[in-house]
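Each protein sequence line maps, in turn, to chains A and B. Per the numbering used here: the first sequence = residues 1 to 98. Per the numbering used here: the second sequence = residues 1 to 398.
It cannot be assumed that every hint is accurate.
[As the list claims (entries may be wrong)] Think about it this way: if two alpha-carbon atoms lie no more than 27 Å apart in a straight line, the pair counts; the simulated DSS-like pairs of lysine-lysine are:
| hint | chain 1 | residue 1 | chain 2 | residue 2 |
| --- | --- | --- | --- | --- |
| 1 | B | 106 | A | 71 |
| 2 | B | 217 | B | 199 |
| 3 | A | 61 | B | 211 |
| 4 | B | 104 | A | 61 |
| 5 | A | 83 | B | 211 |
| 6 | B | 395 | B | 329 |
Everything labelled a hint here was simulated from the structure, so no lab data went into it.
Here is what each chain is made of, one letter per residue.
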Amino acid sequence: MNGQQIELNEEGYMKNPAQWSKEWAHQIAGEYEITLTDKHFEVLNWLREKQAEGVALNIRKVGKSGIVDIKQFYALFPGGPLKVSSRIAGIPKPVSCV
Amino acid sequence: MMANKLHKALNHKEWRITIVDRDEQHYYQPGFLFIPFGIYQPEDVVKPKANFLPKGVDFKIAEIDKINSSENEVTLTNGLTIPYDILVIATGTVPVPEETPGLKGKLWYKDIFDFYTYEGTTALAKKLKDWKGGKLVINLAETIIKCPVAPLEFAFLADAYFTEKGMRDKVEISYVTPLSGAFTKPKATAMLSKLLDEKGIKVIPDFYLEKVDEDRKVLVSYDELEVPFDLLVSVPVNKGDELIERSDMGDEDGLNFIPTDKETLKSKKFDNVFIIGDATNVPASKAGSVAHFEGEVLIENILSYIAGQPLEAKFDGHSNCFIETGFGKASLIDFNYTTEPLPGVYPWPVVGPMGLLKVTRANHYGKLMFKWVYWHMLLTGKKLPVSGHMSMAGKVTA
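Make a model of the complete structure from these sequences and hints.
Here it is as structure tokens:
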């Protein structure tokens, strides 16, 4: 993108969150037929901040973020909201601890 | 387990061990799975805790009101305060059906049951005896749950139970999960999905439960998908003890699990507070085997802390789970923070005798034998003949 080689894993998640850009976010969101709004970006930025702090993310934590509740999170990123939003946010796929 | 290990390791002239517990009875929780199917009876899984504690340990049956970590003291609800030099927290996790609207309502213990509690599993055993069949739905309300393979085992055992009763054709079994598949780790998911398919158990993935519509007997997800049920076996949201919330020690997701260093098992906030088992927020399974392997690391680190040395013992996330698959067979998985469950043999290379990611009779006997090991070795803090750290010996990586 813009002459820059973006490294992805086999599932299409960005390997280096520092390569992320808004342009990238719009492009990936398009694959899911999502048009990004300011609210989307608030969530994406929060996810990126928490990921950088080393927080293990889950849907419940997003619901407690003060930005969206779980229902709104699903409405913004239909399907698997954490998987989809993480991909758009340029952070690794969240792992469930089993 | 920790009281036994510490009692053995510490100088009794210098140290006094107090254990505070609200319950006099100890439950063999892995046995809860077998009760609904009549494989174990309720009396098989309960013993008094006092039987497993060494002499010289002060055993207090009491409810804790609060941990005041900055004051190094624990306050009991009876007003008594216990000061400490070192605190080990092992408050575990409990299912909280109240977190989901409609779950613990008028259908609770009539058409909706849990099986992770003594009350739930014994009530479900009675229900299954005369149940005439219909839609049996097994649902996980959250991804972080105690013994993550138990709901799968429940599905397999239910398939075997209704087959043996000659009524499998009258029961439709669905496994409804917020995960993207039967399990999180790819190789184990592939093996388990195949098995579920062979047994005619339908998997409904990516279903994150918002509420139960009691009148229509339907599960409703946050994205408004619906799954109808006649009998719901629920794994409610799991939370750490309320005491952790009262003590303001929980993680930011509000689930009351304590922020813990995933290697040293020390609290992220307090140097003299250590956490073991389901009470931690470390990214390992909430399972008995994990608590056991953590115990080996924790005793070393507590002794290092006392000696003023750096905490050098590191927990690697080692988890080891038998998976009952019904008809007298079971599978086995062994993994840690970084290595997913792999095929092979366990615990010894070549001879096994147990098979990893395979369905065998030896694994089933291993699981049954584990009850004896649990009561006689684990609780009393004895070392098992298997490594605390995950070993690659016997595993096939290709």
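Would the pair residue 61/A and residue 211/B pass a check requiring their Cα atoms to be no farther apart than 27 Å? Holds: residue 61/A and residue 211/B sit about 18 Å apart, inside 27 Å.
Compare the distance between the alpha carbons of residue 217/B and residue 199/B with 27 Å, and conclude whether the hinted pair is satisfied. Status holds; Cα separation ~25 Å.
Pair hint outcome, residue 106/B versus residue 71/A [Cα-Cα no greater than 27 Å]: holds, 25 Å
With the threshold set at 27 Å, check whether the alpha-carbon distance from residue 83/A to residue 211/B stays at or below it. Between residue 83/A and residue 211/B the Cα gap is close to 22 Å, so the pair holds against 27 Å.
Can you confirm whether the C-alpha distance between residue 395/B and residue 329/B stays at or below 27 Å? Holds, because 20 Å separates the two Cα atoms, which is no more than 27 Å.
Given the proposed pairing of residue 104/B with residue 61/A, does the C-alpha separation stay at or below 27 Å? It holds: about 23 Å lies between the C-alpha atoms, which stays within 27 Å.
Of the hints listed earlier, there is not a single one the structure fails to meet.
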